[in-house]
Amino acid sequence: MNLYKLTIHEAHNLLKSREISSQELTKSVLDRVESVEPRVGAYITVAGETAMAQAELADKAIAEGNITHLTGIPLAIKDLICTKDLRTTCASKILENFVPPYDAFVIKKLKKAGAVIVGKANMDEFAMGSSTEHSGIKLTNNPWDLSYIPGGSSGGSAAAVAADMCLGSLGSDTGGSIRQPASHCGVVGVKPTYGRVSRFGLVAFASSLDQIGPLTKDVADCAVLLKAISGYDAGDSTSVPMDVPDYTTFLEKGLKGFKIGIPKEYHALSGLDAEVSEAVKNAVMTIEGLGAECVEVSLPHTEYAVAAYYVIAPSEASSNLARYDGVKYGLRDKDKNDLIEMYRSTRSMGFGSEVKRRIIIGTYCLSAGYYDAYYRKASQVRTLIIEDFKRAFKSCDVLLSPVAPTPAFKTGEKTEDPLKMYLSDIFTLSANLAGIPGMSVPCGFSTQGLPIGLQIMGKHFNEEKMIKVAYNFEQATDFHNKKPKL
Amino acid sequence: MKITKKEVVHVANLARLDLDEESIGKFAGQIDNILEYIDMLNRVETEGVAPTSHAIFLTNAFREDKVKEHLDRNKALANAPEKEDGNFVVPKVIV
Chain A
4 MNLYKLTIHE AHNLLKSREI SSQELTKSVL DRVESVEPRV GAYITVAGET AMAQAELADK
64 AIAEGNITHL TGIPLAIKDL ICTKDLRTTC ASKILENFVP PYDAFVIKKL KKAGAVIVGK
124 ANMDEFAMGS STEHSGIKLT NNPWDLSYIP GGSSGGSAAA VAADMCLGSL GSDTGGSIRQ
184 PASHCGVVGV KPTYGRVSRF GLVAFASSLD QIGPLTKDVA DCAVLLKAIS GYDAGDSTSV
244 PMDVPDYTTF LEKGLKGFKI GIPKEYHALS GLDAEVSEAV KNAVMTIEGL GAECVEVSLP
304 HTEYAVAAYY VIAPSEASSN LARYDGVKYG LRDKDKNDLI EMYRSTRSMG FGSEVKRRII
364 IGTYCLSAGY YDAYYRKASQ VRTLIIEDFK RAFKSCDVLL SPVAPTPAFK TGEKTEDPLK
424 MYLSDIFTLS ANLAGIPGMS VPCGFSTQGL PIGLQIMGKH FNEEKMIKVA YNFEQATDFH
484 NKKPKL
Chain B
1013 MKITKKEVVH VANLARLDLD EESIGKFAGQ IDNILEYIDM LNRVETEGVA PTSHAIFLTN
1073 AFREDKVKEH LDRNKALANA PEKEDGNFVV PKVIV
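In order, the protein sequence lines correspond to chains A and B.
Every position in the first sequence, counted from 1, becomes a number in my numbering once 3 is added.
Every position in the second sequence, counted from 1, becomes a number in my numbering once 1012 is added.
Keep in mind that a hint or two might mislead.
Some, not all, of what chain B presents toward chain A, calculated at C-beta under 8 angstroms [unchecked claim]:
{"no.": "1", "residue": "Ala1024"}
{"no.": "2", "residue": "Ala1027"}
{"no.": "3", "residue": "Ile1046"}
{"no.": "4", "residue": "Val1061"}
{"no.": "5", "residue": "His1066"}
{"no.": "6", "residue": "Ala1073"}
{"no.": "7", "residue": "Lys1087"}
{"no.": "8", "residue": "Ala1090"}
{"no.": "9", "residue": "Ala1092"}
{"no.": "10", "residue": "Val1105"}
Derived DSS-like pairs (lysine-lysine); straight-line CA-CA distance at most 30 angstroms [to be verified]:
{"no.": "11", "chain 1": "A", "residue 1": "Lys141", "chain 2": "A", "residue 2": "Lys485"}
{"no.": "12", "chain 1": "B", "residue 1": "Lys1080", "chain 2": "A", "residue 2": "Lys331"}
{"no.": "13", "chain 1": "A", "residue 1": "Lys423", "chain 2": "B", "residue 2": "Lys1014"}
{"no.": "14", "chain 1": "A", "residue 1": "Lys96", "chain 2": "A", "residue 2": "Lys111"}
{"no.": "15", "chain 1": "B", "residue 1": "Lys1017", "chain 2": "A", "residue 2": "Lys96"}
{"no.": "16", "chain 1": "B", "residue 1": "Lys1087", "chain 2": "A", "residue 2": "Lys331"}
{"no.": "17", "chain 1": "B", "residue 1": "Lys1038", "chain 2": "A", "residue 2": "Lys413"}
{"no.": "18", "chain 1": "A", "residue 1": "Lys393", "chain 2": "A", "residue 2": "Lys256"}
{"no.": "19", "chain 1": "A", "residue 1": "Lys423", "chain 2": "A", "residue 2": "Lys413"}
{"no.": "20", "chain 1": "A", "residue 1": "Lys256", "chain 2": "A", "residue 2": "Lys462"}
{"no.": "21", "chain 1": "A", "residue 1": "Lys114", "chain 2": "A", "residue 2": "Lys8"}
{"no.": "22", "chain 1": "B", "residue 1": "Lys1014", "chain 2": "A", "residue 2": "Lys331"}
{"no.": "23", "chain 1": "A", "residue 1": "Lys96", "chain 2": "B", "residue 2": "Lys1095"}
{"no.": "24", "chain 1": "A", "residue 1": "Lys141", "chain 2": "A", "residue 2": "Lys96"}
{"no.": "25", "chain 1": "A", "residue 1": "Lys462", "chain 2": "A", "residue 2": "Lys262"}
{"no.": "26", "chain 1": "A", "residue 1": "Lys339", "chain 2": "B", "residue 2": "Lys1080"}
{"no.": "27", "chain 1": "A", "residue 1": "Lys339", "chain 2": "B", "residue 2": "Lys1014"}
{"no.": "28", "chain 1": "B", "residue 1": "Lys1017", "chain 2": "A", "residue 2": "Lys339"}
{"no.": "29", "chain 1": "A", "residue 1": "Lys114", "chain 2": "A", "residue 2": "Lys87"}
{"no.": "30", "chain 1": "A", "residue 1": "Lys339", "chain 2": "B", "residue 2": "Lys1087"}
{"no.": "31", "chain 1": "B", "residue 1": "Lys1087", "chain 2": "A", "residue 2": "Lys114"}
{"no.": "32", "chain 1": "B", "residue 1": "Lys1087", "chain 2": "A", "residue 2": "Lys111"}
None of these hints come from the bench; they were simulated from the model.
By construction, the Cβ of each residue, glycine as well, lies at the ideal position given by its N, Cα and C atoms.
With these hints in hand, go ahead and build the complete structure from the sequences.
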């Protein structure tokens, strides 16, 4: 048996019954990484030695009868989540040698639960991108077809799960960065409600939109991993002090009484691929067949979401990224003897072009004379988008839509046209603006064999309803059992 | 034209970024395109709509003003490109 193929819950059962050890499991995953990494390129750093040491500790804990659902489970972590003593680059030259002196809140929780960290996953630099092509370190290829992008920005996290290079992973989602790569790689991904998961130790991109979430091989694993990382943390002032339900108790069959909302505006959007549209329609029918009732809802400000997002996110980013100045950590141009010159030179050498582009857009939108026209206006439209969702959720429990307008695109296809790249986030970024949870679950394949994802969105702090719909859909279909040939 | 090359250089300067001639031209074109797209926000009537900076119900997160566990000085300085006697070193500012 190839242990690396296991899901988290399957591996947990075998670890619990002592049929396998975490060291065997971790070794199997590390061997798998060694064999496919040259083709997939999912990892920036592979932490083989510390992973084996963590596995040994997990085996000891298990022998003593201390086992959680994540004890001894090998996971990949997106490389913008701080891991103590393990390099965290944000896929940027400016942080290429940054070794965090502390763990992010979610990493503390995972370590406490006994999880094994295999390594740090590739991403678009500072999470700015939809294809992982903006990584300043390396390219990641889609495991289903290596000439296609894996999606982004959590492209490494998604590709690693799809290619069995870990059992599950963490990503972050500011405008779709978990859901879109999950969709493109045929895995399950959840962006939790804003405030559900602490952002302490998550390198900031756009602080009012960023959330950490899980990417996994199936819905049950997502429930396990989401439960493990959720919860209040005083270290994040936007963390919400609310009880976290045990999401695994919602993995039960039956959708009777569930109301599913279908936003009518989504089908009118230009650029929606016919195969994606078909796959999502079929998914809606499947879910109706399971007992749910479908209602049409309206989100009238949908078409303005991309514009509002690409003011708000770059504005927040331009402010957040001001901290990279060559003084406290990261790269520094040591040849410059003037402070301002040193800042300029360091930042110009360290940031890639997409990051610079967004810093410039954000700085422009916030600069004197433009603030009201751009940032204030976008923040008002954000209010209207939130009100759209509130109205829609009065008549339904969850919303269904595509995750991305097309399956994965070819490497290099959109890098020269940033606006075209931004428009591929049309279905996902409203959830970030509204702070609501969203997830991607596999719902089909294109004729070329590339995965297609179904997006399920819920009300604030209603992850369990999303998970229940996703679980029922998954159990009624076979898409999650298909694996890429590598 | 929403943004000129000159404005790109000005904004880059505010953000402490140096751009070469080629990037200035490229960015001006691309950012102009993006700002042109963003202009669609002007079609939305927002008179009297309160702006949102935070999408959930929390307003403030107060805590007691008490010293808690924190990074020790050496750890805080561990990633500094240049340090001396427990301090960050920067190029001379006062001449």
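Structure-based check of all given hints:
A cut of 8 angstroms between beta carbons decides the hint on Ala1024(B): the least distance to chain A is about 6 angstroms, and the hint holds. With a cut of 8 angstroms, the hint placing Ala1027(B) at the interface with chain A holds, because the nearest CB-to-CB distance is about 4 angstroms. With a cut of 8 angstroms, the hint placing Ile1046(B) at the interface with chain A holds, because the nearest CB-to-CB distance is about 5 angstroms. Interface hint status for Val1061(B): upheld, as the beta-carbon distance to the closest one in chain A is roughly 4 angstroms, under 8 angstroms.
Interface restraint check: His1066(B) against chain A, minimum CB-CB distance 6 angstroms, threshold 8 angstroms, status holds. Interface hint at Ala1073(B): satisfied, since its Cβ lies 4 angstroms from the closest Cβ of chain A, which is below the 8 angstroms cut-off. For the restraint placing Lys1087(B) at the interface with chain A, the shortest Cβ-Cβ distance is roughly 4 angstroms, inside the 8 angstroms limit, so the hint holds. Proximity of Ala1090(B) to chain A holds as hinted, the smallest CB-CB distance being about 6 angstroms (cut-off 8 angstroms).
The criterion of a C-beta within 8 angstroms of any C-beta in chain A is met by Ala1092(B), whose closest approach is roughly 6 angstroms, and the hint holds. For Val1105(B), the interface hint holds, the least distance from its beta-carbon to any beta-carbon of chain A being 5 angstroms, beneath 8 angstroms. At most 30 angstroms may separate the alpha-carbon atoms for a hinted pair to count; Lys141(A) and Lys485(A) meet this at roughly 27 angstroms. The hinted pair formed by Lys1080(B) and Lys331(A) meets the criterion: a straight-line CA distance of about 22 angstroms does not exceed 30 angstroms.
As the CA atoms of Lys423(A) and Lys1014(B) are separated by approximately 18 angstroms, the hinted pair is consistent with the 30 angstroms bound. Restraint check for Lys96(A) and Lys111(A): satisfied, since their Cα atoms lie roughly 26 angstroms apart, inside the 30 angstroms limit. At most 30 angstroms may separate the alpha-carbon atoms for a hinted pair to count; Lys1017(B) and Lys96(A) meet this at roughly 26 angstroms. Proximity of Lys1087(B) to Lys331(A) is assessed by CA-CA distance (about 11 angstroms); at most 30 angstroms being required, the pair is judged to hold.
Distance hint between Lys1038(B) and Lys413(A) is fulfilled; the C-alpha atoms sit about 22 angstroms from each other, no more than 30 angstroms. Proximity of Lys393(A) to Lys256(A) is assessed by CA-CA distance (about 27 angstroms); at most 30 angstroms being required, the pair is judged to hold. Taking the CA atoms of Lys423(A) and Lys413(A), the gap is about 13 angstroms. The hint holds against a cut of 30 angstroms. Of the pairs offered as hints, the one joining Lys256(A) and Lys462(A) holds, with about 21 angstroms between alpha carbons and a cut-off of 30 angstroms not exceeded.
A hinted pair counts as satisfied when its Cα atoms are at most 30 angstroms apart, and Lys114(A) with Lys8(A) qualifies at roughly 22 angstroms. A hinted pair counts as satisfied when its Cα atoms are at most 30 angstroms apart, and Lys1014(B) with Lys331(A) does not qualify at roughly 36 angstroms. Taken as a hint, the Lys96(A) and Lys1095(B) pair is honoured in the structure, with Cα atoms around 21 angstroms apart against an allowance of 30 angstroms. For a cut-off of 30 angstroms, the pair hint linking Lys141(A) to Lys96(A) stands: about 11 angstroms separates their Cα positions.
The suggested pairing of Lys462(A) with Lys262(A) holds, with an alpha-carbon distance near 13 angstroms, which does not exceed 30 angstroms. Between Lys339(A) and Lys1080(B) the alpha-carbon distance is near 38 angstroms, which puts this suggested pair outside the 30 angstroms criterion. For the hint pairing Lys339(A) with Lys1014(B), the CA-to-CA distance comes to about 34 angstroms; that exceeds 30 angstroms, so the pair is violated. Pair hint Lys1017(B) plus Lys339(A) holds up; C-alpha atoms about 26 angstroms apart against a cutoff of 30 angstroms.
Proposed proximity of Lys114(A) and Lys87(A) is supported: the alpha carbons are some 11 angstroms apart, at most 30 angstroms. Between the alpha carbons of Lys339(A) and Lys1087(B) the distance comes to roughly 26 angstroms, so the proposed pair stays at or under 30 angstroms and holds. Pair hint Lys1087(B) plus Lys114(A) holds up; C-alpha atoms about 21 angstroms apart against a cutoff of 30 angstroms. Only pairs whose Cα atoms come within 30 angstroms are accepted, and Lys1087(B) paired with Lys111(A) is accepted, the gap being roughly 18 angstroms.
This entry does not satisfy hints 22, 26 and 27, going by the numbered hints stated previously.
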